[in-house]
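Chemist: Letter by letter, the chains look like this.
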Amino acid sequence: MDTAANIFGKACGYGGLYVFGRREYHSNIKGLHSYFHLRISPQKVLANINDVDLLAAFDEETVVRHINEVVPEGGVIVDSKDTSTKVLDVPTFPPEFVEEIKKFMQENNVGETLNDWLNHAKQRNVHVFPVPYMDLLTQIGEKLGIAQISKITRMINVLTIGVSFALLKYDRKLAENAVKATFAEKGKIADMNVLALNMAYDYAEQNFKDGFKHRLTKVDANEERLFLTGNQAVAMGKVLGGCRVQTYYPITPAADESEYLEAHQILKTSSGEDEAIVVIQTEDEIAAINSASGAALAGARAATATSGPGFSLMVEGLSWAGNDEVPVVITYYQRGAPATGLPTRHAQGDLRFVMHAGHGEFPRIILASGDIQECFYDAAKAFNLAEKYQMPVIHLLDKAVANCSQTYRVFDYGNFKIDRGEMLTEKDLEGKEYKRFRFTETGVSPRVPLGTRNGLHWYTGDEHNETGHISEEPFNRKKMVEKRMKKLELVQQEVPAEDKLKFYGDTASENMVISWGSPKGAIIEALDMLKQEGLSLGFMQVRLIHPLPTEEVKKALESKKRVIDVENNFLGQLGSVIKEATGIAPNYHVLKYTGRPMTTTEVYDALKAILTGKASEREVLMFGS
Amino acid sequence: MVLKPSDFRVPQVYADWCPGCGDFGIMNGLQMAFAELGLEPHQIVMVSGIGCSGKEPHNVKAYGVHTLHGRTLPFAMGIKVANPALEVVAIGGDGDGLGIGAGHFVNAGRRNLDMTYIIHNNGVYGLTKGQASPTLRLGLQTKSLPKPNINEAVNSIQLAVVSGFTFVARSYAYDVRHLRDTIKQAIQHKGFAFIDCLQPCPTYNNINTKAWYAGEDRKDDAGNPQSRLYKLEQTGFNPEVHDWSEDLERKLVAISKAREWGDRIPIGVFYKNELEPTFEKRLADRIPFYRERPPAKQKLCGENGLSHVDLTEFMEDLKTS
Numbered sequence: 001m002d003t004a005a006n007i008f009g010k011a012c013g014y015g016g017l018y019v020f021g022r023r024e025y026h027s028n029i030k031g032l033h034s035y036f037h038l039r040i041s042p043q044k045v046l047a048n049i050n051d052v053d054l055l056a057a058f059d060e061e062t063v064v065r066h067i068n069e070v071v072p073e074g075g076v077i078v079d080s081k082d083t084s085t086k087v088l089d090v091p092t093f094p095p096e097f098v099e100e101i102k103k104f105m106q107e108n109n110v111g112e113t114l115n116d117w118l119n120h121a122k123q124r125n126v127h128v129f130p131v132p133y134m135d136l137l138t139q140i141g142e143k144l145g146i147a148q149i150s151k152i153t154r155m156i157n158v159l160t161i162g163v164s165f166a167l168l169k170y171d172r173k174l175a176e177n178a179v180k181a182t183f184a185e186k187g188k189i190a191d192m193n194v195l196a197l198n199m200a201y202d203y204a205e206q207n208f209k210d211g212f213k214h215r216l217t218k219v220d221a222n223e224e225r226l227f228l229t230g231n232q233a234v235a236m237g238k239v240l241g242g243c244r245v246q247t248y249y250p251i252t253p254a255a256d257e258s259e260y261l262e263a264h265q266i267l268k269t270s271s272g273e274d275e276a277i278v279v280i281q282t283e284d285e286i287a288a289i290n291s292a293s294g295a296a297l298a299g300a301r302a303a304t305a306t307s308g309p310g311f312s313l314m315v316e317g318l319s320w321a322g323n324d325e326v327p328v329v330i331t332y333y334q335r336g337a338p339a340t341g342l343p344t345r346h347a348q349g350d351l352r353f354v355m356h357a358g359h360g361e362f363p364r365i366i367l368a369s370g371d372i373q374e375c376f377y378d379a380a381k382a383f384n385l386a387e388k389y390q391m392p393v394i395h396l397l398d399k400a401v402a403n404c405s406q407t408y409r410v411f412d413y414g415n416f417k418i419d420r421g422e423m424l425t426e427k428d429l430e431g432k433e434y435k436r437f438r439f440t441e442t443g444v445s446p447r448v449p450l451g452t453r454n455g456l457h458w459y460t461g462d463e464h465n466e467t468g469h470i471s472e473e474p475f476n477r478k479k480m481v482e483k484r485m486k487k488l489e490l491v492q493q494e495v496p497a498e499d500k501l502k503f504y505g506d507t508a509s510e511n512m513v514i515s516w517g518s519p520k521g522a523i524i525e526a527l528d529m530l531k532q533e534g535l536s537l538g539f540m541q542v543r544l545i546h547p548l549p550t551e552e553v554k555k556a557l558e559s560k561k562r563v564i565d566v567e568n569n570f571l572g573q574l575g576s577v578i579k580e581a582t583g584i585a586p587n588y589h590v591l592k593y594t595g596r597p598m599t600t601t602e603v604y605d606a607l608k609a610i611l612t613g614k615a616s617e618r619e620v621l622m623f624g625s
Numbered sequence: 001m002v003l004k005p006s007d008f009r010v011p012q013v014y015a016d017w018c019p020g021c022g023d024f025g026i027m028n029g030l031q032m033a034f035a036e037l038g039l040e041p042h043q044i045v046m047v048s049g050i051g052c053s054g055k056e057p058h059n060v061k062a063y064g065v066h067t068l069h070g071r072t073l074p075f076a077m078g079i080k081v082a083n084p085a086l087e088v089v090a091i092g093g094d095g096d097g098l099g100i101g102a103g104h105f106v107n108a109g110r111r112n113l114d115m116t117y118i119i120h121n122n123g124v125y126g127l128t129k130g131q132a133s134p135t136l137r138l139g140l141q142t143k144s145l146p147k148p149n150i151n152e153a154v155n156s157i158q159l160a161v162v163s164g165f166t167f168v169a170r171s172y173a174y175d176v177r178h179l180r181d182t183i184k185q186a187i188q189h190k191g192f193a194f195i196d197c198l199q200p201c202p203t204y205n206n207i208n209t210k211a212w213y214a215g216e217d218r219k220d221d222a223g224n225p226q227s228r229l230y231k232l233e234q235t236g237f238n239p240e241v242h243d244w245s246e247d248l249e250r251k252l253v254a255i256s257k258a259r260e261w262g263d264r265i266p267i268g269v270f271y272k273n274e275l276e277p278t279f280e281k282r283l284a285d286r287i288p289f290y291r292e293r294p295p296a297k298q299k300l301c302g303e304n305g306l307s308h309v310d311l312t313e314f315m316e317d318l319k320t321s
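Keeping their order, the protein sequence lines are chains A and B.
Each residue of the first sequence is one higher than the one before, starting from 1 at the first, in the numbering used here.
Each residue of the second sequence is one higher than the one before, starting from 1 at the first, in the numbering used here.
Since the hints were derived computationally from the structure, they do not count as laboratory data.
Any given hint could be a false lead.
In the BS3-like style, the derived pairs of lysine-lysine whose C-alpha atoms are separated by at most 27 Å in a straight line are [unchecked claim]:
| id | chain 1 | residue 1 | chain 2 | residue 2 |
| --- | --- | --- | --- | --- |
| 1 | B | K297 | A | K388 |
| 2 | A | K427 | B | K299 |
| 3 | B | K319 | A | K268 |
| 4 | A | K435 | B | K4 |
| 5 | A | K561 | A | K502 |
Please work from the sequences and hints to get the whole structure.
Modeler: Right, here's the structure in full:
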């Protein structure tokens, strides 16, 4: 399914179109419902919407779960053999969903077979396109001399793409190119898939002439673009930022990043001398954080990537890194929690957790990216921040941004500067006494990698003196705590304004939306739609979660009539953090904790209801299967 | 410059172990081994966990990283992988390495990094006032235990052999020369070397004491104590694998030898195999320049400070044109 979606997205990209794709899947290997939701437009697209114009289903479950999202004049592609199946016989529906299905059937007077469901859709003017997938596969098998159809059933993916593009009257050459690029390294497989694509395209052209009106038309892009996921953007950002050791323990939705890095381990450089990132799969997340810290002490830029359960295990190591001023980067992809929660689903429930995780008081930086492009640059910047201020940096992301794909102009990275902060070399140290934790005005003590001649020092998880030896002296303790904590003031002063907060929409409006992370795209699009209707709102995206840019936040919010907090959690965590810091509380919350990201449609509806006095103080969103 | 063991002392730090603690012996053994191997302090990183043993690095003039309880090996691994030129010596207690850190112990064996790990084995958690550690035998009641130990002991030598450590030895904190020699061999070994160092806790382990190891309770007719410890090397024991065909046999012999306890306790090298590729070698097979330019030694940027990574190959796959 992912392959199909990627081919589809790529083919659209080849035609100069923008794509936003969202991947939804269960925590299993195969057999349960997964889907890919693509939105395609000649203009930039930043999020999904509720309406579906064309639904391509490989199985009955997909029809049942999504057919009511298809708009009038939209289309549904189904396997023609399946339509007599009784929907309640689908074995993968959990009982709580069966209840919903029954309720729907009763309320809408819909029969029990798939055909009844399709007929119900037809009554809403949805076009149904039954495709005899098995017949097509048999024909393909004959052409290729493959008798065993089970060997090529995977090609139903490509058949669906062929049918979809034929219905949309999209240039089939572009689809062919996308198939070829996807299977480039597999030679014969590429040819087989091109054949399948064309047979499906031909079949649809010949058989479906009943006025499906939606069209995809290629445009001239005039620029080079990328179609990529957040996981991939973070990986590239990390190597740009100098990450040379990455440790991880497999966890969804973080592991893809580490695997991608390992696959691209050898790094070309403009200096001509190759570099490389060492990726280590450790025995657990405890080993992951602590070996990353070890590598950082030895002078490598080092990171780990994880999700909630993994970060829970890392917490003691985080505290050590804070105490010992270790420049280690933790990429944290939130997912549905608590406990195992919704392992493959989206959430933003861990903001307060990462702010406070770890015993004791120590400084940390928390950066939250709102889209895939920010993921790229923030992943690189995280290493500069970590080394400049000598503290752990948590790059806080989520499942939505990790697994969504989006089209961007090729990232410009030629101007990214590596800033290693205050670091001393063997030569600087000659004839001098070195103290790793020297008390300085800023709290930052010049750093020396382990193994440097003339720079001998110690680290300990105990409170320590300037040399790094254990000390329980009250006077030293007080100074050491203050030394560590005051580095946060420096962060506040030095981080550029656009890395702290970003503003969108009409910031002079009396209405201000506040949010962080992946709801960004849906909010920006909703604001644009509301503006068309004369409803004015601003949007403040908080990027530096910690240390919170309190003064700037206060300034942005203090004169507002409505402060609307939009987050993928139950508590409205950012809103409460802002209230705590500034005394300004949001008067509305738009929250979603179903495990699915917000769509533009939902955010638009909620904000409109708020501005027109039709909403409660707490709007809880539900859309998405 | 040839350094003496005393050059590895840290005069400004008071070693706060109990009088008569085996940790002093291990400290001396380390300082002697480092000096005799011609190492300089800045080339060595001593990594430790929590407990009395965790303080060992503070008393040895070398880079010292005193980490978390049980996490010695992950920190050590990160340091070694980032800069394989460093001589990394990990130190831990028996609880640290075989209780809370047991998962890391087993997995370190799978990797075979070229470094050394010394466990201070005294059967108790000294710093928390003498609870039973994973190496205390079933039914023993050291003096601060309210009841006899309800768990059987883990056999660290056997565990190390089956986990894949390629140098497995035991030594004794009060036989500093033997310990020094064992540490030297461990450091020189190409691969992950483990030393189980018997280290009587004079305060909380009143059973496996210095006198007990020395056999003060079992004197011969002439009144001389009969030490419980004997040296494998003096019995013609052959721990070394020269060909993979010998490996199983050597492992089984080591495991069998490691069962000896009580009146005859072997010290010395149980198992040694340099045929197994080190983790560094495995990395170098993937990254040909790994040893010359390990992660800690890469430039990251050009003279102008701009990151010099070329992302073309990453982006090529993602392009839509």
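Chemist: Each of the hints needs a verdict: does it hold here or not?
Modeler: Hint-by-hint comparison with the structure:
1. K297(B) / K388(A): It holds: about 18 Å lies between the C-alpha atoms, which stays within 27 Å.
2. K427(A) / K299(B): holds, 17 Å
3. K319(B) / K268(A): Satisfied, since the Cα-Cα distance of roughly 18 Å is no more than 27 Å.
4. K435(A) / K4(B): OK: K435(A) and K4(B) at ~24 Å, within 27 Å.
5. K561(A) / K502(A): Roughly 20 Å separates the two Cα atoms, so the pair holds.
Going down the numbered hints, you'll see the structure goes against none, and every one checks out.
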